[in-house]
Amino acid sequence: MKRVIEVKDLTVTFSQNKELINAVKKSNFFINEGECFSIVGESGSGKSVTAMSMMRLLKENSRTEISGFIKFDNKNILNLSEKDLAIIRGKSISMIFQEPMTSLNPLHTIKKQIGECLFSLDKKEDRILELLSEVGIENAEERLNHFPHQLSGGQKQRVMIAMAIANNPKLLIADEPTTALDVTIQKQILDLLDKLRKKFQMSLLLITHDLSIVKKISDRVCVMKDGQIVEQGETKTLFKKPKHPYTLKLINSNPNEKKFKSKGSKIILKTNNLNIHYQLNSNSFFNRKNKFFHAVKNLNIKLKKGSTLGVVGESGSGKSSLALAILKLIKSQGDIFYKNNNISELNDASFRKFRKNIQIIFQDPFASLSPRLTIERIVGEGLEIHRKDLKKNEVKDLILQIIEKVGLEGSMLNRYPHEFSGGQRQRIAIARALILRPEIIILDEPTSALDMTVQKQIVDLLLQLQKDLTLTYIFISHDLKIIKALSDEIVVMRYGEIVEEGSVKEVFLKPKKNYTKKLIQSAFI
Amino acid sequence: MNLSPLSKRRIENFRSNKRGFYSSMIFIFLFIVTLFAEFIANDKPIFLVFDNKFYFPVIEKIPETFFGGEFETESDYKDPFVRKLINNNGFFVMPLIEYSYDTINYDLRVPSPSSPTFENLLGTDDQGRDVLARLIYGFRISVFFGLILTFLSSFIGIIIGGLQGFYGGVVDLYGQRFIEIWSGLPVLYLLIIISSFIEPSFWVLLFIMLLFSWMSLEGVVRAEFLRARNFEYVKAAKALGVGNIQIMYRHILPNAMVATLTLMPFILSGSIATLTSLDFLGFGLPPGSPSLGEMVSQGKANLQAPWLGISAFITLSLQLSLLVFVGEAVRDAFDPRKVS
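Chains as they are written, first to last, in the working numbering: chain A, 1 to 525; chain B, 1 to 340.
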């Protein structure tokens, strides 16, 4: 088979603050015509840098050094002049990016943006329409004059794809094309990419951290770790017989399922017709006609002590609003009962004493720790408020205890959050929540910002903690695999309403509603 | 000192901006020197020995009769008669410049303003006062004014901006409308009107300027608070039950401090320039006080005496450019994307 592109000894070195960082170390791989080749790796493994250097989007300068050989069309891309590169970029090799929200210019219409990458000028509009219908955008003619903000995330990504295939490229580089999208849309976009690849006989270089995607559409795959390709080969053989221990670790990084049964059936928290409204605009100062977005509609949930309630839904389904409403961080209507207290009626001051019983862990461990406080102060902050009776050394002892409980070391207490990795930060966030001995912990997508192998560790930790301390979790996620691993009962939400609820087994094995079925299908591809 | 790596990096960045670093060194040096203006430029001795005892006329008042003179008022140490009296029974050491900002040189051989001589290094102004002495005192008073105004307006600006940004909603809405109206008030006319019925002293002037200058920081701080109040670590702190004031102080303020500190040198140079221009127009500090603006206006009125205008111009431009360079270095220091 003919090779489209061949990469030999590619090495990329950045120098940062007098330190050399080897982003890519002597990589060798090639892509055949018409095949789908994947690069898999965790964040920081150098996969995006590899892709960027294949289009020479990385500028070589005093801080960046690129060496090696990238053969495309019998030319070495690394030696081409900017002028020659301009011919290749967008025409022979094109690229789509992870974040469709920011990769389209918000000030230009769809027509203008796609038209920009078309080289032939005659019949431009026909070609644009053709492209739009090719990528499955309905009402293409109407969409021509729309601006990016009028499209949904999935549609934006489709427009990006239309731009990328506009000149029938030989190679399409897709850098995490579905990571920012909802599961059901992820599946559609992947199907589309696969369809287009076959139709136009182009090669697809897929960069992803998600092995299930690779397994589904990739012909060959290479695994990167710390800038090095540790293993590459046919997808099927690699998944069947991984040679490198890291590959094995990646493949086995699906979380362990919860093994112990939650006892107890006492209801610790329940909501009664919970409603959440967001005020949309009150653009006039004098004439207030408020519009509302109804984020959560008449929601009733029950939480049993010691169990985990999984809340699943796509973005915009109201699951995070629910979490914030239970914590009284946003306004809501309806009743929330914690044990026998109706906490929805309490004001801020009287609710404060309940706060230590209900804690939250957020999605992004990089955003949820105050960057200017030491770990000791972050973890100990709750004690300052709720345990004023403690002496200084008792506080310190408690902090030490809890920090070891979540698998960190006491010597780390004087450090600042930026010195820790994502997984460690999430452990710190867990420690901060745990130190008050809460009964309920709300976990709002606690693992989705983490790498696969780290995800597994955090899930294991959460399960261990639940077992040891009989914690009650509300686990919010869009990731059905993790929900399945952790939960006892599940609530599926869409547009602020409950679509389906029941025990894990019921929902996963015998989904009643079509939406649930679709979700499960897209998640376990 | 145990500094966080962040502050270490900032200090390093600040130092790596050579121009700003040296500017700040020069500015601090000048400020410290002018702080002791009384010991550098004064018409009183730094110390004197009389009857084998030490006296410090700069800080204590000694009547002429004490030395055996005739008047019970404070001694005039420029008077040859008094000098003789002291020398009879001890000695005295005069400062480097034997004039204070309001000492009038009565021994001029030419009508004032007189050109530079060894006695008056930068000449005298139109009332026969030593220009160099007035510059030293003028520098000090303007930096003082600027520092106090900057500090107070930052303090008020941060509090109001923080409250507006943190609580948002109605507080923010009415706050912003108030500021829009307030910032529309003509400050200059207000000052002219006020100075027509009370004599604007240092503190009155400071107060009036403060009424309006707090708004320069308020917007930035408000924006930072608005942004930060939805950060996850702020939500996490709320979920822990941390009080609002604690959250603002501990979690959000450090974010806003970066913007604040970056703006501060520019506010400082802005307030100095405002004071100078008010003095120039004659609505500033009370007559007689040493002020750079008054010196500029004297220079304008006496074009035949260029030493007035030129010395005032050089002092002012040096002072303001030093502050702008320091401001640039501070901005570099807090720039997270700056790679050294």
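Since the hints were derived computationally from the structure, they do not count as laboratory data.
A virtual CB, placed ideally from N, CA and C, is assigned to each residue, including glycine.
Among these hints, one or two may not hold up.
What the hints assert, rightly or not - Pair by pair, the computed Cβ-Cβ distance ranges are:
no.: 1; chain 1: B; residue 1: 15; chain 2: A; residue 2: 102; range: 42 to 50 Å
no.: 2; chain 1: A; residue 1: 469; chain 2: B; residue 2: 169; range: 44 to 52 Å
no.: 3; chain 1: B; residue 1: 11; chain 2: A; residue 2: 179; range: 34 to 42 Å
Unchecked claim - Among the chain A residues that face chain B by a calculated CB cut under 7 Å, a handful are:
no.: 4; residue: 327
no.: 5; residue: 329
no.: 6; residue: 330
no.: 7; residue: 331
no.: 8; residue: 337
no.: 9; residue: 339
no.: 10; residue: 342
no.: 11; residue: 344
no.: 12; residue: 346
no.: 13; residue: 367
no.: 14; residue: 382
no.: 15; residue: 385
no.: 16; residue: 387
These are the hints, each one checked on the structure:
1. B:15 / A:102: 42 to 50 Å: Since residue 15 of chain B and residue 102 of chain A have Cβ atoms about 36 Å apart, the given range 42 to 50 Å is violated.
2. A:469 / B:169: 44 to 52 Å: Violated: the Cβ-Cβ distance is about 39 Å, outside 44 to 52 Å.
3. B:11 / A:179: 34 to 42 Å: Cβ of residue 11 of chain B to Cβ of residue 179 of chain A: about 38 Å, so the range 34 to 42 Å holds.
4. 327: OK, holds: residue 327 of chain A within 7 Å of chain B, min 5 Å.
5. 329: 6 Å, holds
6. 330: Hint violated; residue 330 of chain A Cβ to chain B Cβ min 10 Å, cut 7 Å.
7. 331: With a minimum Cβ separation of about 11 Å from chain B (threshold 7 Å), the hint on residue 331 of chain A is violated.
8. 337: 19 Å, violated
9. 339: 18 Å, violated
10. 342: 19 Å, violated
11. 344: 16 Å, violated
12. 346: Violated, because the Cβ-Cβ distance from residue 346 of chain A to chain B comes to roughly 12 Å (cut-off 7 Å).
13. 367: 4 Å, holds
14. 382: Holds, about 4 Å.
15. 385: At 5 Å from the nearest chain B Cβ, residue 385 of chain A passes the 7 Å test, so the hint holds.
16. 387: 11 Å, violated
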